[in-house]
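Per full-length UniProt numbering, the sequence shown starts with residue 1, numbered consecutively.
One should not assume that every hint holds.
To be verified - Computed list of lysine-lysine pairs in DSSO-like fashion (alpha-carbon distance at most 30 Å, straight line):
id, residue 1, residue 2
1, K218, K136
2, K33, K56
3, K115, K33
4, K218, K56
5, K33, K136
To be verified - For each label pair, taking beta carbons as the anchor points, the in silico distance ranges come out as:
id, residue 1, residue 2, range
6, Q221, Q161, 34 to 42 Å
7, T109, G64, 45 to 53 Å
8, K136, S29, 18 to 26 Å
9, I94, E170, 14 to 22 Å
10, E80, S117, 50 to 58 Å
11, T109, L82, 32 to 40 Å
In short, the hints are calculated from the structure, not lab data. Beta carbons: idealized from backbone N, C-alpha and C, even for Gly.
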Amino acid sequence: MTLRNPDREAIAHGHITNEPIRQQPGTPSWVLKLIMAVTGLLFALFVVGHMAGNLKLYMPAHNGEPALDEYGEFLRSMGEPLLPHGSALWIIRIVLIVAILAHIYGAFTLASRSKASRGKFKRTNLMGGLDSFATKSMLVTGVVLLLFIIFHLLDLTLGVQPMAPEGFVEGSVKANMIETFSRWPVTIFYVLAMCCLFLHLTHGIRLAASDLGITGAKWRQTFLVLAYIIPAVVCIGNIVMPLSVALGLVS
């Protein structure tokens, strides 16, 4: 084997070279995996809480005000009088946005490193069924969810046209939800996004267990069960609401 720039000191000690095979990355892969695990579990907790709050759509009105609108006002008034009205809610949103950006950066960086390490070789037939499909579609479902989040914020949070319905009124959470889900294309998009969320969460929770160093058999079994139960509950809950509005079951 001929070397262009042999390291004579290394050869003298029985090595071809002491130079690393590739440059050390700026951010170690284990750090990126840890960031993705933490932010992913944060999103999982958020979507569970978000779904539970939105299910107030089915609760009766209190003193003439829809329960969902009362819940919306509670979120906007959190932290008062220490914080201005709506500040705590925006702090939560900013934290989630930063977490999303970190999650996206980690996903694409790790995918790029993985592809570069494999080169022309590709592992196949390592698993089958839903696990294989969820694994292969993580980037795709992640992109769909990113588009969904952007649309959702413009639609029901900011009321930006044409994503939001024409009758959007800030603070009227239930009325806005009924207006937006009365549009079948929007409802279908929400349903498809929730199916992507199910696949993404299922595989993501399982990966988080490994990336956080959870190796105990009982803990791993617990995470395996949660990896299917939590996404299923969130997916069903978030699909039922838009469909019940679109079908005229809620008004």
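Could you grab the alpha-carbon distance between K218 and K56 and see if it respects the 30 Å cut-off? violated, 35 Å
Determine whether the Cβ-Cβ distance between T109 and G64 falls within the hinted range of 45 to 53 Å. For T109 and G64 the Cβ distance comes to about 52 Å; the hint holds.
Holds or violated: K33 with K56, Cα cutoff 30 Å? Violated. K33 to K56 sits at ~36 Å, over the 30 Å cutoff.
Hint says 18 to 26 Å; check whether the CB-CB distance for K136 and S29 agrees. 20 Å Cβ-Cβ, so the 18 to 26 Å window holds.
How does the Cβ-Cβ distance of T109 and L82 compare with 32 to 40 Å: does it lie in that range? holds, 38 Å
Given the range 50 to 58 Å, decide if the beta-carbon distance of E80 to S117 lies inside it. holds, 51 Å
With a cut-off of 30 Å on the C-alpha distance, tell me whether K33 and K136 pass. holds, 17 Å
Starting from K115, check that the Cα of K33 is at most 30 Å away, please. holds, 16 Å
Just to be careful, I want the Cα atoms of K218 and K136 compared with a cutoff of 30 Å; is the pair within it? Holds - the C-alpha atoms of K136 and K218 are around 27 Å apart, at most 30 Å.
Range hint 34 to 42 Å (beta carbons of Q221 and Q161) holds or violated: Given a distance of about 49 Å, which is not inside 34 to 42 Å, the answer is violated.
Between I94 and E170, does the C-beta distance stay in 14 to 22 Å? holds, 19 Å
Hints 2, 4, 6 from the list above are not met by this structure, while the remaining hints are.
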